[in-house]
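There are 4 protein chains.
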Amino acid sequence: MLTCAVLGATGYTGIELVKILLRHPGVRITALTTRQKENIPLRKLIPVLPEALDLEVKRWSFSEIRRAAELVFLCLPHTEAMQTAEAFHRAGKIVIDLSADLRLKDWRLYEAWYQVRHTHRGLLKTAVYGLPELFRSKIRKADLIANPGCYPTAAILGIAPLLREGLIEPDSINIDAKSGVSGAGRKLTPATQFCEVDQNFFAYKVGRHQHTPEIEQALSFAAGRKVRVAFVPHLLPIERGILATIYMKLKKGVRAPAIAQAFKKAYSDEPFVRLRPEGEFPALKDVQRTNFCDIGFGVEPKTGRLIVVSVIDNLLKGASGQAVQNMNLRMGFQEEEGLRVW
Amino acid sequence: MLTCAVLGATGYTGIELVKILLRHPGVRITALTTRQKENIPLRKLIPVLPEALDLEVKRWSFSEIRRAAELVFLCLPHTEAMQTAEAFHRAGKIVIDLSADLRLKDWRLYEAWYQVRHTHRGLLKTAVYGLPELFRSKIRKADLIANPGCYPTAAILGIAPLLREGLIEPDSINIDAKSGVSGAGRKLTPATQFCEVDQNFFAYKVGRHQHTPEIEQALSFAAGRKVRVAFVPHLLPIERGILATIYMKLKKGVRAPAIAQAFKKAYSDEPFVRLRPEGEFPALKDVQRTNFCDIGFGVEPKTGRLIVVSVIDNLLKGASGQAVQNMNLRMGFQEEEGLRVW
Amino acid sequence: MLTCAVLGATGYTGIELVKILLRHPGVRITALTTRQKENIPLRKLIPVLPEALDLEVKRWSFSEIRRAAELVFLCLPHTEAMQTAEAFHRAGKIVIDLSADLRLKDWRLYEAWYQVRHTHRGLLKTAVYGLPELFRSKIRKADLIANPGCYPTAAILGIAPLLREGLIEPDSINIDAKSGVSGAGRKLTPATQFCEVDQNFFAYKVGRHQHTPEIEQALSFAAGRKVRVAFVPHLLPIERGILATIYMKLKKGVRAPAIAQAFKKAYSDEPFVRLRPEGEFPALKDVQRTNFCDIGFGVEPKTGRLIVVSVIDNLLKGASGQAVQNMNLRMGFQEEEGLRVW
Amino acid sequence: MLTCAVLGATGYTGIELVKILLRHPGVRITALTTRQKENIPLRKLIPVLPEALDLEVKRWSFSEIRRAAELVFLCLPHTEAMQTAEAFHRAGKIVIDLSADLRLKDWRLYEAWYQVRHTHRGLLKTAVYGLPELFRSKIRKADLIANPGCYPTAAILGIAPLLREGLIEPDSINIDAKSGVSGAGRKLTPATQFCEVDQNFFAYKVGRHQHTPEIEQALSFAAGRKVRVAFVPHLLPIERGILATIYMKLKKGVRAPAIAQAFKKAYSDEPFVRLRPEGEFPALKDVQRTNFCDIGFGVEPKTGRLIVVSVIDNLLKGASGQAVQNMNLRMGFQEEEGLRVW
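Chains as they are written, first to last, in the working numbering: chain C, 2 to 343; chain X, 2 to 343; chain L, 2 to 343; chain S, 2 to 343.
Treat the hints with care, as some may be off.
Chain X stretches covered by chain S per the calculated footprint, using a threshold of three residues with CB under 8 Å from any CB of chain S [unchecked claim]: (1) 182-192; (2) 198-204; (3) 271-277.
Interface residues of chain L toward chain X, partial, derived using beta-carbon atoms under 7 Å [as the list claims (entries may be wrong)]: (4) Lys20; (5) Pro48; (6) Asp287.
Note that these hints are calculated values from the structure, not bench results. By construction, the Cβ of each residue, glycine as well, lies at the ideal position given by its N, Cα and C atoms.
Full structure from sequences and hints, please.
This is the structure in structure tokens:
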């Protein structure tokens, strides 16, 4: 039994991660932490748990966690995550960080987009970007895994194979993404009050969302050249799910079968990516509460445009589900363990 | 007092139109029709009306309506609308048609996108496209007005001035539009059942929505050349409102002030278009239950992209509010009469 | 033109009140206040307003308001309201207080249920309870009006005539009330975050909601004896509206026509109460965004039970609409002025 | 491995049942039926299933099902269910009927409330009412199980122990129940269209809902005398969950500890009933997507009233989860098998 700690277990991703780990037959949760002063019964946070599951979330010291767990999940705010990651990495633990702190290889990008100093730049080279569909073999050996952001997961999976195969114009990518409210986390903000969100819809952080460089880094890697994208996130009046509609210009002469072929080549063996035939598009309901990423596409000869729709559950494939997928890869569990849910 | 008939008063647009007309001091509703056999008290359809308003919706003969009303609004299904429009037009009535039947100048486009025959092609030349911001002077003299579709209204208002001023690449337009469920009308369909829509989100009719040629016709007019667009509509789990996020490539050297200037030139005297300063974007809540179209934009030097967000209430500026705006223009009422609501 | 001030114009009731007053032909808003340091353009709070309406909400001194306005609406937190009411009352202004501070005649009840001291007990005798259907003639002459709570308005209107006519057992009343989220006001709380409310439903403050004594006071007045009720409020995942389902035991021998008769006697001349025939029940949609209270009832001979359903819009008949109705009565305007909306 | 058939697998309860059975280690699904002419891939109905689960829903003959399955779940419309139940019962199968056809012992009640003839009255004596908390030992031996309705499950579990212990006045029970939309099933109706339900709330079938006699039958059994209740269902604008707020008069001298004691006595060994301490009340979120029934209560000395709040997921404990619980009891599986979900 692998012993696991979840640091920051009271937010939406922490809660979702704990729910998966409790279902995982190869894992034992040995520490759940919070910065709050009072101990919190886990069933207070997750009331759907049976009464028998009487774990507590509480304050833990570094050395207690070090003794208790072999693998540490970090569901901490950025900047706090990087220093914790360093400490546990140095202590020989396997660390899966769900924050943004270790995702960007270039600390200057991090500092420009997050507007804080990166104080542990040395970790950036060590950390492996935990998107299994692109970096599976590296993840299998990584001791420090930077779990991808929710928007980047949806966007990258819908675009990378097309760039890799040279089917689209790299400078023509527009990503129109829509996310449920749980993506904003659990902190109190006017923007996530019921009366502000319900019956409403809006774009936010247009052209300046901090997930932009993360998307561009992975797409540049896939393309073998610098790629820049237009990325506009929107807030949906629903709890969970991300749908990205992606507009690209096809390279001259590229037809639908080539697109289908590129996706198939990339994903036909993937346990968590499902492809639709041309002209069929997935809905959020197809993937909510699962670890799947569903992808559909359409080709418009009239405009030379390719339209891809990619959907995920932002808390699962976009966060905690993917974190467990990464754990499974790293620890030699079956990749779908704990993640076969419906 | 202008006497008005609303043909097809039981659908969402018919109901919304009646609500406006009942507020309009210059208008008297003299006929409300339905194909249903039994008379329907208007207050059954619109329970928020005071008890004193005891109108009935019922079957009317052509000659009864002809005697009763000087102006006829058609809230009828397409194909049924065109023949009714012809009859009342020939009878010397002013006709405002909210269906799609008279919007496209080219009947071949109509037949291709709507998959039915256009049986009254002669009307297409006579009909004026009722988008006041583009065709105000023609509308003032028109006896046959083709009221625009909801998606086209949001899209065209967000793009036309930019094409007119030559600020964007005409072949680079991608329109990502999201609509509330009332846009689908009142007919029973599995797709609009609560349990299918709520908590869900999806694209539909990707690349084949019938509003595409209507958008392209108006944009081609504005550009003075053939314009084609990629247009993807989505269904939002809310009742009303359309938000269109529009991605365009800026022409070389074009900067934000030129964009602001183009919008200002087009709309600064418009009573129902409101502009935001660069980098500010409207939300659906800003325009729901009003006749406004709010427009925001952002320029991304990094990608050379211009992003425009345009929002309307699909039942008002996207349908019945615009129909009344057209009536006001045609009849010499003040343009905002009946439409100042909050 | 009556000059009006709205103190506390940034909350949901303040905003709704301003919207009505802006429509009211006999009124001019001369002061809109907030405790926040910076001036707030009204159109920031109410973006659906036309651009021409360029009022500002800002800090005002007591003497400025005294000079500016003849009538003062208080949309202030309780305890703050009572001292402001006293000051403006003493200054000779007409005061309509939307808080709970002046509703209960017995300050001991106030202190017990609100858990704060009542520091202006002298006002309680002067203040008139602003429920026009029960106290119209007093309201016409009142200089200090205590505008009722939202739950009490829905509950009292559904029960009072039955007690007055002696048709039900006064000790058998159970009020099951459900309210939209705007009833909780605009302050940030975890309970009103989108992800907590949406898809959820729950009872709160069971047996200890502070509106209980207000309901009991009015019902005791109607019954001419002490009446106690069981009252359970619930939170609906919608923005606005209250529906109260009320269970009562019929007195021996009472039949449906007597109930209908009692309601008709009480409300047939009321502009804002609408009655349904026996066995028909109103929905929230029937009254949302209006000042109506709709009432339906059913008699169950099998159990001797009477069931009443009463619905209002919590921000209108349950707060700001009723405040304007009270103003209209007091100032001699037509009772429906500003409140004919659909 | 137990072989199971689900007859009527395309409705909401059928789908939910199939999802549970696919998780159940002791069961193999051998037949999934529909009346529709074309075969339906199960993943079309349940898109969250992994691609490997490639079952089909299709037409089956009686004899094919008889050969294929030892146990038959009926998710059929009432009247169709009773004759199918008879046929499979006679063929020696274990039958769990999720319809209302076999729940009422008295066919006259059935005919009065469902307004159709009961053509298989002989089955009513044989059928066991499948509410494990009341009839576990009978269920263990039953070959014909009438799975309870959703409202009755929530109501009966919240009341029966109190009647059994003689703590409340049997003639004082008022049940105010609120259900999500999935309870209305999947058929197309205007009442379940998104634009009718969303932002709305209303009572329906007041005093004439067909679940009333089912509730009264079980409560009469618990009380050992005829019990009648007032029962008002309401439609919540959410997908799933039932919350029942139950108002009862306490017998003289009964205090809170006696109530707590009665519930504890009834449910302390129950795997799917969870009790709250006095004054704490469950929310829908506590039980959605689980088989739990959570119960809270409050005593009001002032009015002599007891208020109970009982919540379930209408598709699980209110239908398919309970059906599997019954199967587990009957077949000797562990009672929670397939139902430990979070």
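Do the hints match the structure? See the list:
Taking a C-beta to C-beta cut-off of 8 Å, the stretch 182-192 of chain X contributes 6 residues in contact with chain S, enough for the three needed, and the coverage statement holds. With 3 residues having a beta carbon nearer than 8 Å to a beta carbon of chain S, the stretch 198-204 of chain X meets the requirement of three or more and the stated coverage holds. Residues of the stretch 271-277 of chain X lying with their CB closer than 8 Å to a CB of chain S number 0, which falls below the three-residue condition for coverage. With a cut of 7 Å, the hint placing Lys20 of chain L at the interface with chain X holds, because the nearest CB-to-CB distance is about 6 Å.
Hint status for Pro48 of chain L: holds, given a least beta-carbon distance of 4 Å to chain X, under 7 Å. For Asp287 of chain L, the interface hint holds, since its Cβ comes within 7 Å of a Cβ in chain X; the closest pair sits about 4 Å apart.
Violated hint for the displayed structure: number 3, the only one.
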